[in-house]
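Make the full structure from the sequences, and use the hints.
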Amino acid sequence: MLHTAHMNAPHAAPAALSEATFAGGCFWCIESAFQQLRGVVLAESGYSNGEHPSPNYEAVCSGTTGHAEVVLVRFDPQLVSYGQLLEVFFALHDPTTLNRQGHDVGTQYRSGIYTHSPEQAAQARALIEHLSVSRVYPAPIVTEVEPVRNYHPAEAYHQGYAERNPFQGYCAMVVAPKLEKFRKTFADLLQSPGH
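Start counting the sequence shown at 4; every next residue gets the next number (this note's numbering).
Simulated from the structure, these hints should not be mistaken for laboratory data.
Be a bit skeptical, because a hint or two may be false.
Between beta-carbon pairs, the in silico distance windows are [unchecked claim]:
(1) T99 with A190: 20 to 28 Å
(2) S65 with R41: 31 to 39 Å
(3) H55 with V139: 17 to 25 Å
(4) V136 with A159: 19 to 27 Å
Pairs of lysine to any residue residues, derived as SDA-like cross-links and limited to a Cα-Cα distance of at most 25 Å, are as follows [as the list claims (entries may be wrong)]:
(5) K187 with H55
(6) K187 with H119
(7) K184 with D97
(8) K184 with E149
(9) K187 with Y154
(10) K184 with T67
The beta-carbon is built from N, C-alpha and C at its ideal position, and this holds for glycine as well.
Here is the structure:
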């Protein structure tokens, strides 16, 4: 983990960056949303928490590697908190469907929070408990919380896919409506134009 203690001294050096990893169905949508948040310097599509030593898209889609499609988020915790990233994550997908998001079915589409520290794990579990007790969802939350392991970036053509291919069928019909709702719900967390 890259996070270090905050410095309160005037003219302090820039804060160290932290990392978070989320699985919530197809990584194109999740990546595109996180990339728009203030304080996020990288949102990278990838594969995590599987067994294969060098997964690729075809193998992950076959369901044989054990990997989930994930997004690795590198962020400045002085500008956006891990808790805010968790809120965005839960708003972007349905955490109550096991190994499925809409028409995307398979273990690679599972809901998962892959943590980079014990503090992240505790915060994720506390939020899941709060959402469950508050009955925010009509069914039990099935999101797994595990330490991140065996992460691999996805192929270059997956990075920024939704932005580069807005008229591709999946992007137009699935990603675009999710992103429109996301931008309205989290307007106060978005980067200012031009950044």
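Going through the hints against the structure:
1. T99 with A190: 20 to 28 Å: At roughly 26 Å between Cβ atoms, A190 and T99 fall inside 20 to 28 Å, so the hint holds.
2. S65 with R41: 31 to 39 Å: Hint holds: Cβ distance 37 Å, inside 31 to 39 Å.
3. H55 with V139: 17 to 25 Å: violated, 35 Å
4. V136 with A159: 19 to 27 Å: violated, 42 Å
5. K187 with H55: violated, 39 Å
6. K187 with H119: violated, 29 Å
7. K184 with D97: holds, 14 Å
8. K184 with E149: Violated, at roughly 28 Å.
9. K187 with Y154: violated, 31 Å
10. K184 with T67: Cα-Cα ~33 Å, so violated.
Violated hints, in rising order: 3, 4, 5, 6, 8, 9, 10; the structure is consistent with all others.
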